[in-house]
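Residue numbers (our numbering), protein chains in the order written: chain A, 18 to 349; chain B, 5 to 490.
Think of the hints as simulated: they come from the structure by calculation, not from any bench. Even for Gly, the Cβ is constructed at its ideal location relative to N, Cα and C. One or more of the hints may lead you astray.
For each label pair, taking beta carbons as the anchor points, the in silico distance ranges come out as [unchecked claim]:
1) Asn199(A) to Lys433(B): 24 to 32 Å
2) Tyr476(B) to Pro117(A): 33 to 41 Å
3) Gly304(B) to Leu29(A): 29 to 37 Å
4) His45(A) to Ser49(B): 38 to 46 Å
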Amino acid sequence: MRRFLRNLTIFLLTHLSFWAIVVSSYVHQRPFDIEVGAVTNDKQELLAKQVSPRIILVGGSNLNFGIDSREIEQRTGYHPVNVGLNVGDGLAFMLKNVTPWLRRGDVVVISPEYEHFGNFFNGKGDFLYAEVEHRPSMIRSFTLANYLEIVDKGYIIAGSILRYTTDRRGDLIKQELSARENPYRRDAFNEYGDLIARTHEVSWMKNRTDLAGPADVEVTPEKITRAINGLNEFAAECDKRDVRVFYSFPPVPKELFGRHGEVIQEIADNLRNRSRFPVLDMPEDMAFPIEDFFDGVYHLTGEASRQRTDKLITELLARGIIMSPDPYHPHP
Amino acid sequence: MALTSLTFLLFFAVCFALYWLARKRDLQNGVLVLFSYLFYATCDSRFGLLLLATSVIDFCIALGIARTHRVSLRRTLLALSIGFDLGILALFKYFDFFADNLRSLAGVLGWHLDPVILNLLLPVGVSFYTLKSLGYTIDVYRRHVEPTSNLLAYLTYVAFFPQLLAGPIDRADNLLPQLLKPRTFNYEMAVTGCRQILWGLFKKMVVADNLAPIVNLAYAQVATRPGPDLLFATICFALQIYCDFSAYSDIAIGGARVLGLESVVNFAHPYFSASPGEFWRRWHISLMSWFRDYVFFPLGGLRSSLPRRGFNVMLTFLLSGIWHGASWNFVLWGAINGVGVLPAAFQPGNRNDPSKGASKTWSSLLKASKIVLTFLFICMTWIFFRATDLSTAILILKKILTQVWMAGYYFSIQGLLHPYDGYPLAGKKLLVLLLGFFVIEIIQNYRLVDIDNWPRVARLLAYNSILVLIFYFGAYTVNQFYYYQF
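Assemble the whole structure, with the sequences as input and the hints as a guide.
What follows is the structure, given as structure tokens:
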């Protein structure tokens, strides 16, 4: 056994030395500070520092593309923090990530993508790993399932690092990021965490018919229950801290209701009947023409994002979310 | 949990540590049972009880068979075991198929039948562990194997996690005696086991997974694809299924060896076979030997009249076909393979080798052409295995046979070799790697190189290179093994 372990260790050490070279080259090549992933750092900083009273928007990239935070601030008086991450980060992680930063008087609007009621609740290993690459301290917000997801994708993550390094992909990415029409870069976001790059006014989704959506990610009654339980637990925690929680459906193309309509309806019915927090709207309220989407079913173009924000503000105002002079008792 | 995931590697490492820390037999078996059921729970937590029930019932029946001398009681107990094991398969795997066909048959006869359709989920690995357990009770009945009174060892035998989901279907006379003794660590076994695991990972993650999108695309567009595309995709599928399934066996056998257990060989470079009969002695050996010993020989095997031999061969292959899946595709697949084996069955003693007395070059050429023809025949059978239904399979075959001669169609193959999203190996790189893989297969088949004789540094370099290739060319998704569905 000793001989086996010794030889296995030698093998692993030689392999690790190879990886040490690969990783050092990878770190050197990769433009971490200008990539879109770096915006996670900015959002986390904002989450820690934004002054009260705050509206914290929790969800995936539908929030990055679909919210006009400045409008929210002007009309409600609340200071927005758009913590829109990536759908692949999973709802469990998104909720756990904001929990330590909640303050008394905060308003949280949760707007997860429909996929979180299916296979995406615990996220996908490669997406979660990407978050940690940009901000290692985010590992503290991982659930056990998140760790397992990352381990499960270990080979794939390692493979992507290796290919990135040998293909000198860093150089290509630097070129792409220098092209101003690419909205996937750190400086495409404003100080609230909204993606405001001007080019996303143009729809790339026109004439698309093969729309991916929740029907593709095994939404089952058990998975819907898991997501709603997670949301209810989060709402209970918020309740303890005097934080108000609302739910708003993400924007989707009207065309998505074709193949995915039944699943969306099932999710909405469950939310209406079993959630312990107010649901601000219905899925149909957030349905937009496909021309209003930029490069994905949740990514609105500029004008549509203002319409969505308007709907959201109207619902929030109707529920008394408007600034009062006392930030610790903001609800009139 | 996929065997190709890092999670499995960590799971296996923890099992390895606990297993070798436990030096007593029952503790070692206890660790294996615990990890096997944990492993099964990660794949399909709903059917763990079914696995346990199958094991316990067959264990008790085997003890009952051994303890009585009354022939009628022994037969009754054996029938009970066969009924239970095949009943599980019939219920979960075949009920809906037969009900559906009964309805169709009744419709043809003008009757209206509305049989119940259960729509049950197929428990993962059920086709494998039921054969394993059933083989044990039959062996005990035939007095080929001494029944064990050690339930823990038997539970380990049936649920042994590296083999649980897709074999090899290790027989009780091989694995059970090993589980009834305490195991001591064997360096040579562990090293060859690790090597086999590494090679299995390469075959699955680099070759099989990167061929999958080509096959999937062509087989999803049968109506619009020309014959040469479908021929190319079928050859790719032949390599995909070999690399996929033999990789699972490599990881399972290698894993067993690291744990000090010698498992049966399941693949012996089958595409170097010179006849369909030889192919089936080298492909999925544990399944085909199971059918040989428990179906073919009891029917009379080759020691019977010519028509009876033909019947025995055909029935065995039809059963092996339907074992793979409840559909007419698999039945026909089994039948075609049976027909391919029939000539050898009709002339079992005839070793009239046409190359006898010929020059070495001529006999080599003859053998090579036989290998190529056998490969093409097997590829033809794979069409029925892979196609979604019978009419699609027939359409593919028709297109290949009618359009394969038209040179102009071959340019469209390039359209299948484009890069696929999430699969890093494509185009020329894929063809080069396949060529390299083919050379390695030749080296392994004819034992041209013995890696144990290499200098240590060269071995270290080879292992590291394979691992780097796995990382570099491995698909971006954790793909399950093809045989999990059976």
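Against the structure, the hints come out as follows:
Here the CB-CB span from Asn199(A) to Lys433(B) is close to 28 Å, well matched to the stated 24 to 32 Å. Our hint of 33 to 41 Å for Tyr476(B) and Pro117(A) holds, since their Cβ atoms are close to 39 Å apart. For the pair Gly304(B) and Leu29(A), the supplied restraint of 29 to 37 Å is violated, since their beta-carbon distance comes to about 55 Å. For His45(A) and Ser49(B), the hinted distance range of 38 to 46 Å is satisfied, since their beta carbons lie about 45 Å from each other.
Violated hints amount to a single one, hint 3; each of the other numbered hints is respected by the structure.
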